[in-house]
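Asker: For this one, chain A is given, so just place chain B on it according to the hints.
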Amino acid sequence: MKKILLSLSLFILIGLTIGIFLYEQLEPLQPFSLQQSNQSYHDDENHLEETVQTPVNRGDSIVYSLENNELNLSFNQGVDWITVPIETGLLFSGDYNGSKQELIANSYVLEYDYIAFLYADEHVQLMQTRDQGETWEPTVIIEDFPGIRFRKVDMLNDRFGYVIVTGDRTMSAEGTLIYVTDDQGVSWAKVNSADTTRLLYDGGFIDENTAFLSYGTINPEQPDLFVTNDRGETWSQAVFQTPEAYQDIFVTAEMPFSDEDQLTIYVNQGPNGDYQGGLVKGKYTSDDYGQTWEFVGEVAGDEVQ
Amino acid sequence: MKSNNSRIVMVLGWLALLGSVGLFCLQAGYFLIHHRYQVEYVDNRLFYFINILVVVLLLLSLLLLLRLSGKVRRLIIGIVVIFILVNSVLMQLSQQHTQNIISLSPNSENILVVKQDQEQREAIYYRTQYYIFARPHQRLPKQVQGQYKIDWLTEDVVAVTYQTKTGSVEQFVGTYGDRGDGISYYEVGMQIQGEWAGEDTRAIVGQEGIEIECQQQSQWFDWDDVVQFGTLAIVLFDQDEPAWTIVLNEGYQIYDAENNPPEGEITLYQVTMEEHQPFILKP
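Chains as they are written, first to last, in this note's numbering: chain A, 1 to 305; chain B, 1 to 283.
Isolated chain A (complex conformation) (with noise of 0.2 Å):
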């Protein structure tokens, strides 16, 4: 009787263990209707009877469409379409929830002179090409990349430019990885990141040296906010200066940009913030590169934009 019962035990503390592994990996469901809401499902509507290949991104100059399963672009609002050799559904792999109607935001490059998508199957590729869709070529950038959730491809002149994804994440941390081209994309090098798990909120580089990497999606209590001026060779944590009355307030920073001969930064209030109704954001200077950061004052949402 005993031995029963223990063993019993055993089997039921064995099973209750296995069984909070599958959890963890169970995907949320989806709701299996596609109406979004009564509302935004009438616009759909209007929307599928104006043209068959309706552009995303309409007033860009160049427009992309995402129908069929199939990513098409056009060069000429429309008129004409050429086909992305892609598999759409790669496009939103990984830790990914959002709307599928149009791309992920900064994981594709549209110029005209180049054009990259970025996606993951079990690699982490980009799609690329530099005469308008004539050739295709596909480049493995990272090799066996499990659970890609932030990805962000980026050009910033003909030569240079990088591409940094997230991935492998367990509870509320994941590792970051960064990569940088120095020939628009035809070979890809692997540079340090940041010396931190959390979870990646943005990151970017502003030149060809000085690159961000922002952290804290869940709770973040203040700005976290790593820099490098030597392209990744180093990172520091940047300072930020905020006086008292703001400290709990601004705790996210975007990516900084360069205005006039300093950097600017806004600082937002992360997923919780509810000072002013949220919307007001923290606007920080810095003259060395982005090591530290002056506060300056406190700016409305709709004005950063």
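Hints are computed from structural coordinates only; laboratory data are not their basis. Values in this document were obtained by computation on a predicted structure and should not be read as measured data. Heads up, the beta-carbon is just placed ideally off N, CA and C, and yes, glycines get one too. Any given hint could be a false lead.
[As the list claims (entries may be wrong)] A few chain B residues that face chain A, going by a derived Cβ cut-off under 8 Å, partial list only:
| hint | residue |
| --- | --- |
| 1 | V54 |
| 2 | L65 |
| 3 | P136 |
Answerer: Relative to chain A, chain B alone:
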């Protein structure tokens, strides 16, 4: 007396074991029905809570049914404590990743379940099944910013109001009942044609649209700006933003087979993030 006591202890021990095994089977079955019937627990944390319950009941049954040496007893209690701690931590992390919003109707018969992805700020409205399970039904419009305001306007209609990332206010209406035979669909707008009045407030529902008068101010809505939720509520949109919600109150009788005119009251509720009382309107 002693044998009576020991019998009670034995019965309690077996009951605890039965409960533990039963809940364990529920957890095992969850993975099957999650996949097959596309259901989740109403609250994602429930999984960890049931885990804790299973081991606590198991511990109780072992202590009551078996004579264990001090060493074994301490070992088992230690394992259970660690297991409880791990599950408690996972429970916290789960809530940080997915916020569960659950609200019971005043008569406890209906449950509103909304789960929000904390990173994407996207929320999904769930329909509950057998009280503890829920199936994703509809994505809430736009990305959510901040807290939800939840108001049960009747026992079976709940309004979920929230601010979006773009600063606008959105409202989603969950409906759990019907005022007709429960089989056929009907247009709420058609059912409330006529004039409705309450304190300082009027709603005039006509062929062209709806006019709302509140505190000497009047607003007009074409039928194109009216969206129906279930068969109980409509939301009136002003320049793509929800402005008013109209609900058929309980006891409302829609047109029946003999075409007798509808009877009952409606609720008019302004869409705003501020706390306020709904208006009850009568014909």
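Asker: Decide, hint by hint, whether the structure agrees.
Answerer: Taking the hints in turn, this is what the structure says about them:
| no. | hint | verdict |
| --- | --- | --- |
| 1 | V54 | holds, 6 Å |
| 2 | L65 | holds, 6 Å |
| 3 | P136 | holds, 4 Å |
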